[in-house]
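First to last, the sequence lines map onto chains L and H. First residue of the first sequence: 2, per the working numbering; consecutive thereafter. First residue of the second sequence: 68, per the working numbering; consecutive thereafter.
Treat the hints loosely; a few may be bogus.
Interface residues of chain L toward chain H, partial, derived using beta-carbon atoms under 8 Å [to be verified]:
(1) Pro38
(2) Glu241
(3) Gln242
(4) Gly243
Derived DEER-like restraints, expressed as beta-carbon distance ranges [claimed, not checked]:
(5) Thr204/L / Pro132/H: 45 to 53 Å
(6) Lys300/L / Trp237/H: 51 to 59 Å
(7) Pro368/L / Leu123/H: 36 to 44 Å
(8) Pro402/L / Val144/H: 43 to 51 Å
Bear in mind the hints are in silico, worked out from the structure with no lab data behind them. All C-beta atoms in this analysis are idealised placements derived from N, C-alpha and C, irrespective of residue type, glycine included.
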Amino acid sequence: MLKDLGRLFLTLGLFAAQNALAAEPIKVGVPIALSPPGAVSQGTQIKDALEVSAKLINDAGGVLGRPIVLIIEDDQGIPEKSRAAVEKLITLDQVVALVGGHQSSVVLAGIEVAHRYHIPYINTNAWADAIRQRNYQEVFNPSPYNSLPAIGLAAAVKALAAKRVVTLVENTDFGIGLGKGIGDQLAQTTVGIDYKYITLDRTAKDFLPALLPLKAAPPDVVIDVMLPPAAYLLINQLYEQGIAPSSKTWLFETATGDYPDFWKNVNDGGNLLVAFGPYHPQMVLSELGRKVAAAYKAKTGFDPNRLLFQASDSLFVLAEAIKNGKSTAPDAVIKALEALRWTGTRGEITFSEEKNDYRYHQWIDMPYVFYQYTAMNQPLADSRVIKDVGRPFDVSRLIRPK
Amino acid sequence: MLILDLLINGLIIGVFYALMAMGLSLIFGILKIVNFAHGEFYMVGAYAYTLAAVMLKVPPWLALPLAFFAGAIVGLVVERLLIRPLYAGYTSWGLKRDEYAVIVTFALSILLINLVDKFVGPYGIRGPPLVGNARVHVGPAIVSGHRLVASLVAIALVAGTMLLVRYSHWGRQIQAVAQNRLGASLAGTDPARVSGIVFALAGGLAAVAGALLANVFNPTPDVGLFPATKAYVIIVLGGMGSIAGAVVASLLLGVLESFGSVYISYEYRDTFGLIILMIVLLIRPQGLLGEHSREV
Numbered sequence: 002m003l004k005d006l007g008r009l010f011l012t013l014g015l016f017a018a019q020n021a022l023a024a025e026p027i028k029v030g031v032p033i034a035l036s037p038p039g040a041v042s043q044g045t046q047i048k049d050a051l052e053v054s055a056k057l058i059n060d061a062g063g064v065l066g067r068p069i070v071l072i073i074e075d076d077q078g079i080p081e082k083s084r085a086a087v088e089k090l091i092t093l094d095q096v097v098a099l100v101g102g103h104q105s106s107v108v109l110a111g112i113e114v115a116h117r118y119h120i121p122y123i124n125t126n127a128w129a130d131a132i133r134q135r136n137y138q139e140v141f142n143p144s145p146y147n148s149l150p151a152i153g154l155a156a157a158v159k160a161l162a163a164k165r166v167v168t169l170v171e172n173t174d175f176g177i178g179l180g181k182g183i184g185d186q187l188a189q190t191t192v193g194i195d196y197k198y199i200t201l202d203r204t205a206k207d208f209l210p211a212l213l214p215l216k217a218a219p220p221d222v223v224i225d226v227m228l229p230p231a232a233y234l235l236i237n238q239l240y241e242q243g244i245a246p247s248s249k250t251w252l253f254e255t256a257t258g259d260y261p262d263f264w265k266n267v268n269d270g271g272n273l274l275v276a277f278g279p280y281h282p283q284m285v286l287s288e289l290g291r292k293v294a295a296a297y298k299a300k301t302g303f304d305p306n307r308l309l310f311q312a313s314d315s316l317f318v319l320a321e322a323i324k325n326g327k328s329t330a331p332d333a334v335i336k337a338l339e340a341l342r343w344t345g346t347r348g349e350i351t352f353s354e355e356k357n358d359y360r361y362h363q364w365i366d367m368p369y370v371f372y373q374y375t376a377m378n379q380p381l382a383d384s385r386v387i388k389d390v391g392r393p394f395d396v397s398r399l400i401r402p403k
Numbered sequence: 068m069l070i071l072d073l074l075i076n077g078l079i080i081g082v083f084y085a086l087m088a089m090g091l092s093l094i095f096g097i098l099k100i101v102n103f104a105h106g107e108f109y110m111v112g113a114y115a116y117t118l119a120a121v122m123l124k125v126p127p128w129l130a131l132p133l134a135f136f137a138g139a140i141v142g143l144v145v146e147r148l149l150i151r152p153l154y155a156g157y158t159s160w161g162l163k164r165d166e167y168a169v170i171v172t173f174a175l176s177i178l179l180i181n182l183v184d185k186f187v188g189p190y191g192i193r194g195p196p197l198v199g200n201a202r203v204h205v206g207p208a209i210v211s212g213h214r215l216v217a218s219l220v221a222i223a224l225v226a227g228t229m230l231l232v233r234y235s236h237w238g239r240q241i242q243a244v245a246q247n248r249l250g251a252s253l254a255g256t257d258p259a260r261v262s263g264i265v266f267a268l269a270g271g272l273a274a275v276a277g278a279l280l281a282n283v284f285n286p287t288p289d290v291g292l293f294p295a296t297k298a299y300v301i302i303v304l305g306g307m308g309s310i311a312g313a314v315v316a317s318l319l320l321g322v323l324e325s326f327g328s329v330y331i332s333y334e335y336r337d338t339f340g341l342i343i344l345m346i347v348l349l350i351r352p353q354g355l356l357g358e359h360s361r362e363v
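Could you put the whole structure together from the sequences, leaning on the hints where they help?
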């Protein structure tokens, strides 16, 4: 009798241990900015999006039967803190990969640590081409890259037949990189354009001294390459001085127009602004994209935005790679990511293996649009698409400011 | 035309600097400490004004005094709970006065930023304008209507505070405590009460600066960092504890930054104040009007 009981307990114990092993979570590190001076609004959107995506994955049975667990570290948008956060996530928490990085200078610091430990790093929203130019095997980019808006903006400037273009860039790898990139693209595709970029401090509040000379000699196009909250202040100050959008000057901006707090921070200055958008409600979403959008709306109350889809794609490509590679070992995950051909939220994602400029491990064919707000407080869905996915910039659809 | 634009903008921003720096200068004059949480008094005012006007639909002109009172109450509470141990019989605790002041105000700054981040959220929100006109023509120059009106309110507040400190009963008590804390108490003035008044006034002034600028520099949890950094430069430049010095230095810094950004380089904008500060400290270590501050 006692012998039988002993066997029963042993069997139950082994069964429980096996289950525990099978359900051992897959830890994924998330180094993002959740407190100042970082771009907290970006970090918060990415956190919400990753949590929504992790829940969708786990509700569907997890990956290889194991749940995804996100371990979030606040790096405050400071490069040295990002290094420390990534080091802690890898060595102490023993995450199998990192996702969520945003703000180029911060990601540039973080990928150095991931590279040293040979841990996959999925870059969610750092645009600087320099990240790709490092050619690190561990870094994959389902995120926009500076050359993408640079090519699009140069085409828009050409279509507008603009002669004088000024770009206002923040003093970061993202800002200065894009400022230079637009200049390079304009030099390659147009003739006789007077182009310059002005570097502004991203922590500054009053940009008027830099803007007032533009009032004296208005350019044809002003391009805002800053992140919120500075981007919002800049748009407001450009408008209050009558510089742009105006009858003489178009105002373009790069990817803050769909932020949940855009219209709470920008009033008249946002009307007739033209924005670059890696997402627009008129884009065709995959079934996954629609599912993610509905879950995000239910969780936060906000309409879907580009950061939701970028963050979601980041986690889903990782999950897919672990599934395909049947392992969480770095080499298996990296190999599976390189071989990946998978439909994400907005289209088929593949990572280029061409080690040339911005191309390495980049999702090159990311869809994007240009759209124009045609009224104040206009929902993104009602804004006018000026350049649709895969189509040229259509000047005839623009409304000229008066 | 450009010169006029730069001058107007420099003076306007200088007036706001002055509003911030006056409170900081008053606190230094009385307690000889630097309040590292002063920027967060500004942030409290910016949020109080914006949330009252946007969420509670309080008219902006009524939200302004609300912001002042919010800042004053925070100032008073901070003085009672955190600053009073500096001078109210806690010496037996073995407090190191300067270290205590630095650590406690610095920690308060971090605490307030994170509290707002947690409870109000990280997203910025623009305060409503005080007037409807987004653009006002001042001769050939265009100025934001709100900036213009807000700067007039700020000038009135700066002038009012200077008159209050110079001529009112409370002001004389502040001057007395600033000159000699022990002497003032022997003459019947309660230094603890005066310190409370000064913290409330400083908090209120910083908060109303935040409120006036909430339409220009949209409130975010760390919005106080920028004006506070300027205010620290200004009070040293003007002379520690000198209110008139703070006002002169504020206007000087505003105009200098405005012109320097265009005629030298925008990228070095924040260094202009520091360069002037170094020059002034080399030639006149007590600051521009520092001696006057010792006399009040």
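For each hint, the structure was consulted:
Hint status for proline 38/L: holds, given a least beta-carbon distance of 6 Å to chain H, under 8 Å. Restraint check, glutamate 241/L versus chain H: the minimum CB separation of about 4 Å is within 8 Å; hint holds. Hint on glutamine 242/L holds. Least Cβ distance to chain H is approximately 6 Å, under the 8 Å limit. With 8 Å as the threshold, the beta carbon of glycine 243/L comes within range of chain H, its nearest partner Cβ sitting at about 5 Å, so the hint holds.
Checked against the given bound of 45 to 53 Å, the beta carbons of threonine 204/L and proline 132/H, roughly 30 Å apart, lie outside it. For the pair lysine 300/L and tryptophan 237/H, the supplied restraint of 51 to 59 Å holds, since their beta-carbon distance comes to about 52 Å. Taken as a hint, the range 36 to 44 Å holds for the pair proline 368/L and leucine 123/H, whose Cβ atoms sit roughly 42 Å apart. A hinted range of 43 to 51 Å holds for the C-beta pair proline 402/L and valine 144/H, which are about 48 Å apart.
In terms of the numbered hints stated before, the structure departs from hint 5 and from no other.
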